[in-house]
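Colleague: First to last, the protein sequences are chains H and C. Each residue of the first sequence is one higher than the last, beginning at 0 in numbering that gives the first Met the number 0. Each residue of the second sequence is one higher than the last, beginning at 0 in numbering that gives the first Met the number 0.
Derived by calculation from the structure, the hints in this document are not laboratory data. Any given hint could be a false lead.
[Claimed, not checked] The calculated SDA-like cross-link candidates involving lysine to any residue, where the alpha carbons are at most 20 Å apart (straight line), are: (1) C:Lys83 - C:Ser58; (2) C:Lys159 - H:Arg114; (3) H:Lys63 - H:Ala52; (4) C:Lys51 - C:Thr117; (5) C:Lys83 - C:Glu49; (6) C:Lys83 - C:Ser153; (7) C:Lys51 - C:Ala61; (8) C:Lys159 - C:Ile112; (9) C:Lys159 - H:Asp113; (10) C:Lys51 - C:Gly63; (11) C:Lys51 - C:Lys83; (12) C:Lys83 - C:Ala61; (13) H:Lys63 - C:His177; (14) C:Lys159 - H:Pro93; (15) C:Lys159 - H:His94; (16) C:Lys159 - C:Asn87; (17) C:Lys51 - C:Leu13; (18) H:Lys63 - C:Glu168.
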Amino acid sequence: MNAVIVDPAHGGADTGARGSTGVVESDEVLSFARLLRISLEAQGLRVLLTRQANEGPSFDDRSKFANAQRNAIFVSLHVSSTGQPGTVRVYSLPHPPAAQGAAFTPRGGLVPWDRAQSGFLDQSRRLAELIQIQMAQRFHGSPETPLEAPVRQLRTVGAPAVAIEVSSVSVADRSALDQMGPGLADGVARAVAAFRTIYEAGAR
Amino acid sequence: MVLVALVVVGLITLQGMRQAVERLRTAPRTDEQARRDVMQEPISTPTDVEVKAQLYWLSTSAPGTLDPVTIPLPLSADPVERSKQLINALITRAPGPERRTLPPEASLLAFYIQPDGTGIADFSDEISSAMPSGIMSEQLAVQSIAQTLGANVSGIKQLKILIHGQEAETLAGHLDLHGVFPVGVPPSATDSLQPGSQDNTSASNQSH
Numbered sequence: 000m001n002a003v004i005v006d007p008a009h010g011g012a013d014t015g016a017r018g019s020t021g022v023v024e025s026d027e028v029l030s031f032a033r034l035l036r037i038s039l040e041a042q043g044l045r046v047l048l049t050r051q052a053n054e055g056p057s058f059d060d061r062s063k064f065a066n067a068q069r070n071a072i073f074v075s076l077h078v079s080s081t082g083q084p085g086t087v088r089v090y091s092l093p094h095p096p097a098a099q100g101a102a103f104t105p106r107g108g109l110v111p112w113d114r115a116q117s118g119f120l121d122q123s124r125r126l127a128e129l130i131q132i133q134m135a136q137r138f139h140g141s142p143e144t145p146l147e148a149p150v151r152q153l154r155t156v157g158a159p160a161v162a163i164e165v166s167s168v169s170v171a172d173r174s175a176l177d178q179m180g181p182g183l184a185d186g187v188a189r190a191v192a193a194f195r196t197i198y199e200a201g202a203r
Numbered sequence: 000m001v002l003v004a005l006v007v008v009g010l011i012t013l014q015g016m017r018q019a020v021e022r023l024r025t026a027p028r029t030d031e032q033a034r035r036d037v038m039q040e041p042i043s044t045p046t047d048v049e050v051k052a053q054l055y056w057l058s059t060s061a062p063g064t065l066d067p068v069t070i071p072l073p074l075s076a077d078p079v080e081r082s083k084q085l086i087n088a089l090i091t092r093a094p095g096p097e098r099r100t101l102p103p104e105a106s107l108l109a110f111y112i113q114p115d116g117t118g119i120a121d122f123s124d125e126i127s128s129a130m131p132s133g134i135m136s137e138q139l140a141v142q143s144i145a146q147t148l149g150a151n152v153s154g155i156k157q158l159k160i161l162i163h164g165q166e167a168e169t170l171a172g173h174l175d176l177h178g179v180f181p182v183g184v185p186p187s188a189t190d191s192l193q194p195g196s197q198d199n200t201s202a203s204n205q206s207h
């Protein structure tokens, strides 16, 4: 595994969720991303962020950035408006319904842009499971198993990809969210290290 | 003489200005309001019969899930009108603010059912701008529509959501609106949505 792409969602004019006390999703996820980078690098992993400050790259810009890396994984960070405060949910894209037929087969090594994630759904699910286990251990009330949702950012990423959503911007004080940062970073880094073992064994 | 002419012209102009101000005062405030005024269709239809309809709103006992609530609702026999009535009720008749899945500011602009069973719900901009942003809240919003339709309308297999007549990238920043969402009632209260491609003619709801 060559790199971990950490994606602090939103940015620029798009602040994402905003709480009544002024907590803003785009600021919080950037803080989380910086902590996560430190924890991942401590595991010996190369880390790239889709934004370094308050820029606002589009979904496709972020996907292009990720897809330009070989053998990378993608972790998108979010904070929700709702949900039980202090909990974390991890999402991967769902498999298409069975009625849709066989999984898409690339022709000549080319995959349509809007189906880039289709070849990585099982790996993404596995990564999500490993991260969710860590989150459930650290944040009481978090689910034990990951969830599936059609998250826009994940659809165009051609690599194992997950979205992590922390609840929520509706806290009375930003510090309640900030305090989750170290545990989130450590848990994700441990899960990614475990996934790396599986990923590299599969590559061999 | 000139003075008299000027006074007459002034009086005529003043009357015209008063009328123009009156028109502006009663005119629709926004293009959106004008569009709604044109598109507005009566909620009740000649075939309405009061039934016990099952609508899906946020659960009070299990956070992050939906619970069915049975309410008496006059519903049309026509599936398009019936769908409109159900979605309008989903917006306006939530048991309480804490159970809402769709913002009260939102309105359904149009609903169509294609021959392949795809229901197309076209919402006003407020479905996005007033929606609590987040993967979970956006997913539950779409789920509530899909499950409510699945429980009360036959013939709709999947749901496509438009915003102001256009295909939007996301509902409120997270949930992908590119594809279609399966319509049905899950065996359990918690379920995931699985979008299919736009040319998918049928989809099944799979529980997790």
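Colleague: Evaluate each hint against the coordinates.
Modeller: Each hint tested on the structure:
1. Of the supplied pair hints, the one linking Lys83 (chain C) and Ser58 (chain C) is violated, its CA atoms being roughly 23 Å apart against a limit of 20 Å.
2. Simply put, Lys159 (chain C) and Arg114 (chain H) have alpha-carbon atoms about 18 Å apart, close enough for the 20 Å limit, and the pair holds.
3. A distance of roughly 18 Å separates the Cα atoms of Lys63 (chain H) and Ala52 (chain H); the hinted pair therefore holds under the 20 Å criterion.
4. A threshold of 20 Å between alpha carbons decides the hint, and for Lys51 (chain C) with Thr117 (chain C) the separation of about 24 Å lies outside it, so the pair is violated.
5. Distance restraint check for Lys83 (chain C) and Glu49 (chain C): the Cα-Cα separation of roughly 15 Å lies within the 20 Å cut-off, and the hinted pair is therefore satisfied.
6. Taken as a hint, the Lys83 (chain C) and Ser153 (chain C) pair is honoured in the structure, with Cα atoms around 14 Å apart against an allowance of 20 Å.
7. Distance check on the hinted pair: Lys51 (chain C) and Ala61 (chain C) sit about 24 Å apart at the alpha-carbon level, beyond 20 Å; violated.
8. Taking the CA atoms of Lys159 (chain C) and Ile112 (chain C), the gap is about 10 Å. The hint holds against a cut of 20 Å.
9. Using a Cα cut-off of 20 Å, the hinted pair Lys159 (chain C) and Asp113 (chain H) holds, with the two alpha carbons roughly 17 Å apart.
10. The suggested pairing of Lys51 (chain C) with Gly63 (chain C) is violated, with an alpha-carbon distance near 25 Å, which exceeds 20 Å.
11. Annotation: proposed proximity of Lys51 (chain C) to Lys83 (chain C) holds, straight-line Cα distance about 16 Å (limit 20 Å).
12. This hinted pair does not check out: Lys83 (chain C) and Ala61 (chain C) have alpha carbons roughly 28 Å apart, beyond 20 Å.
13. Between the alpha carbons of Lys63 (chain H) and His177 (chain C) the distance comes to roughly 18 Å, so the proposed pair stays at or under 20 Å and holds.
14. Taking the CA atoms of Lys159 (chain C) and Pro93 (chain H), the gap is about 17 Å. The hint holds against a cut of 20 Å.
15. Simply put, Lys159 (chain C) and His94 (chain H) have alpha-carbon atoms about 18 Å apart, close enough for the 20 Å limit, and the pair holds.
16. Under the criterion of a C-alpha separation no larger than 20 Å, the hint pairing Lys159 (chain C) with Asn87 (chain C) is consistent with the structure, at around 17 Å.
17. A C-alpha spacing of about 58 Å is found between Lys51 (chain C) and Leu13 (chain C), which places the hinted pair above 20 Å, so the restraint is violated.
18. Of the supplied pair hints, the one linking Lys63 (chain H) and Glu168 (chain C) holds, its CA atoms being roughly 17 Å apart against a limit of 20 Å.
When the structure is compared with the earlier hints, violations turn up for hints 1, 4, 7, 10, 12 and 17 and for no others.
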